[in-house]
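Take the given structure of chain A and dock chain B to it, following the hints.
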Amino acid sequence: MDRRMPISLITVLCLGIAFLYVPILVLIGYSFNASALGSVWGGFSTHWYSALLEDAQIRKAAVLSLEIAFASSTAALLLGSLASIALVRFSKFRGRFLLAGMINAPLVMPEIITGITQLLLFVSMLQLIGWPSRGVTTVILSHVAFCAAYVSVTVQSRLQSADITLEEAAMDLGATRLRAFLDVTLPIIAPALISSWLLSFTLSLDDLVISSFVSGPRASTLPMVIYSKVKLGVSPDVNAMASLIIAGVGCCVIVASVLMRRAERARAAQA
Amino acid sequence: MARLVARRGRWFIILPPLLFLFVFFLIPFAFALKISFGEAALRIPPFTDLFGRGADGHLHWQASLANYRYLLTDDVYVVAVLYSLRTAFFATLMCLMVGYPMAYAMARATKSTQNILMMVIILPFWTSFLLRVYALESIIRDNGLLNAVLLQLGLIDHPLRMMHTTFAIYLGIVYSYLPFMVLPLYATLEKLDRTLLEAASDLGGRPWRAFFDVTLPLSMPGVIAGSMLVFIPAIGEYVIPALLGGPDNLMIGRVLWDEFFGNHDWPVASAVAIAFLVLLAGPIAIHQYYQVRQVEY
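Residue numbers (our numbering), protein chains in the order written: chain A, 1 to 271; chain B, 272 to 568.
With the rest of the complex left out, here is chain A (with noise of 0.2 Å):
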């Protein structure tokens, strides 16, 4: 900072992360209400959350979306990291525009477009060859085509910093291209794989909109569950549910970027 920061900029900037946080802390402070009232406080109470813990439905469904969040954002690292290799690393190839245009797309477009065109694929692709039926399996196929988007924005703007000749210089020491690759770039772009799975771990676990289209009637995930509770009206331990999920994300993303932090560091230092 070349000069003090005039105190107008400090006030908006803190406005601005007070706009973000007060519903969710509000939220959270709800969750421990003994009333049934959304707005009156009838003293504190951790009632919503053992009431959530005997509720069968939300547990089934926490399960499944778990599940499907581990799947896809596994499945969503491994092609959207080879996209971005491959846009990166290879200039020119058959098919480039292509893949930039189609990974990029998800990005922006809307998540009920992609829904309902998804699910066209599915009931078609059902007809024609059998598989797959809707349920799990087409929940995760459209997660993944979305979280590779992210994965590959995160993992190509670090593939673009990490330094090639050093790769290069591996080879020349007699390594092969996949050897030089693994020791060298893999540690550099390492922070970027962890935290684009933890984000499409994040972004499959949250997702509504294209669940509802392309899920089957036996494979209700959680924001599903959790949407048709809130359509229903006032249901205090939906803000249970929100507390427990938003704080286990925010302390996992919390922990993830400190450690990686240091990792980082204790990588600066060494070099």
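Just so you know, these hints were derived from the structure itself, not from any lab. Certain hints may be false.
[Stated by the list, open to error] Beta-carbon label-pair distances, calculated as ranges:
no., chain 1, residue 1, chain 2, residue 2, range
1, A, 163, B, 353, 48 to 58 Å
2, A, 160, B, 519, 15 to 25 Å
3, B, 432, A, 232, 35 to 45 Å
4, B, 519, A, 49, 33 to 43 Å
5, A, 49, B, 280, 45 to 55 Å
6, B, 465, A, 60, 48 to 58 Å
7, B, 422, A, 190, 49 to 59 Å
8, B, 553, A, 51, 47 to 57 Å
9, A, 50, B, 479, 55 to 65 Å
[Stated by the list, open to error] Partial list, computed: chain B residues near chain A (C-beta under 10 Å):
no., residue
10, 284
11, 376
12, 510
Where a beta carbon is used, it is the ideal one built from N, C-alpha and C, also for glycine.
Quick look at chain B alone, frame taken from chain A:
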């Protein structure tokens, strides 16, 4: 020879994502297009085939533009599209007005503060979108926190109606998409050459002049990137109008959803989706252009 093998080996890297996205992202649009020319039918799946064998055993095909004609004759769709465009436009503008000063302040903080601020801005984006919209509802509903505080303070004597209004939708969009606006803006503002501003002030330019003549024009790529990242998804937004909006706030995403789950008219829904996509082609092309150009440094 080794070069040839290496060149062929590249396809092991290129093909998996290319094929996957081709089949599961691009081909679906072809199916939507095909089905949009069909008719709704009481069967599974609920639409007619374009190709089929007639009673005479000959292959025939039947396509009609009836669904598209229907979109133009029924007011609901045109009104919904216009309302969505208008809402998304003003919401993006508000997002820009809130996000620009934030990004500007971030860009002028010290390096270590910048890292923390980045984290603070990104964190809400990691937490559930659906739950954040729901959290907003608990603040602005008639017996929500905001009304309770305002009543307590004596600023109002009866609860303000905020839920189920256009205001609620604007608030929802700005609240949910603010990080998408701040981050690209911050990225361009942070890279901006500070010496240019100093030159402007050395030459006697007032700070405001320097801002409008130097900073703002140079940050346009960030403004465009951020605006597109808010505008495009906001047009097709479903969750925000469904949870916060009222029955009058018919955005195209909601119409599409109802056509599909309520009326079960898949061909009309497909036609709406295709028409909507054509409408979005311009903004998406702008975004893709900047995105692809970024890749081809």
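Results for each hint:
{"no.": "1", "hint": "A:163 x B:353: 48 to 58 Å", "in the structure": "holds, 51 Å"}
{"no.": "2", "hint": "A:160 x B:519: 15 to 25 Å", "in the structure": "violated, 47 Å"}
{"no.": "3", "hint": "B:432 x A:232: 35 to 45 Å", "in the structure": "violated, 21 Å"}
{"no.": "4", "hint": "B:519 x A:49: 33 to 43 Å", "in the structure": "holds, 37 Å"}
{"no.": "5", "hint": "A:49 x B:280: 45 to 55 Å", "in the structure": "holds, 53 Å"}
{"no.": "6", "hint": "B:465 x A:60: 48 to 58 Å", "in the structure": "holds, 55 Å"}
{"no.": "7", "hint": "B:422 x A:190: 49 to 59 Å", "in the structure": "holds, 53 Å"}
{"no.": "8", "hint": "B:553 x A:51: 47 to 57 Å", "in the structure": "holds, 49 Å"}
{"no.": "9", "hint": "A:50 x B:479: 55 to 65 Å", "in the structure": "holds, 58 Å"}
{"no.": "10", "hint": "284", "in the structure": "holds, 5 Å"}
{"no.": "11", "hint": "376", "in the structure": "holds, 4 Å"}
{"no.": "12", "hint": "510", "in the structure": "holds, 6 Å"}
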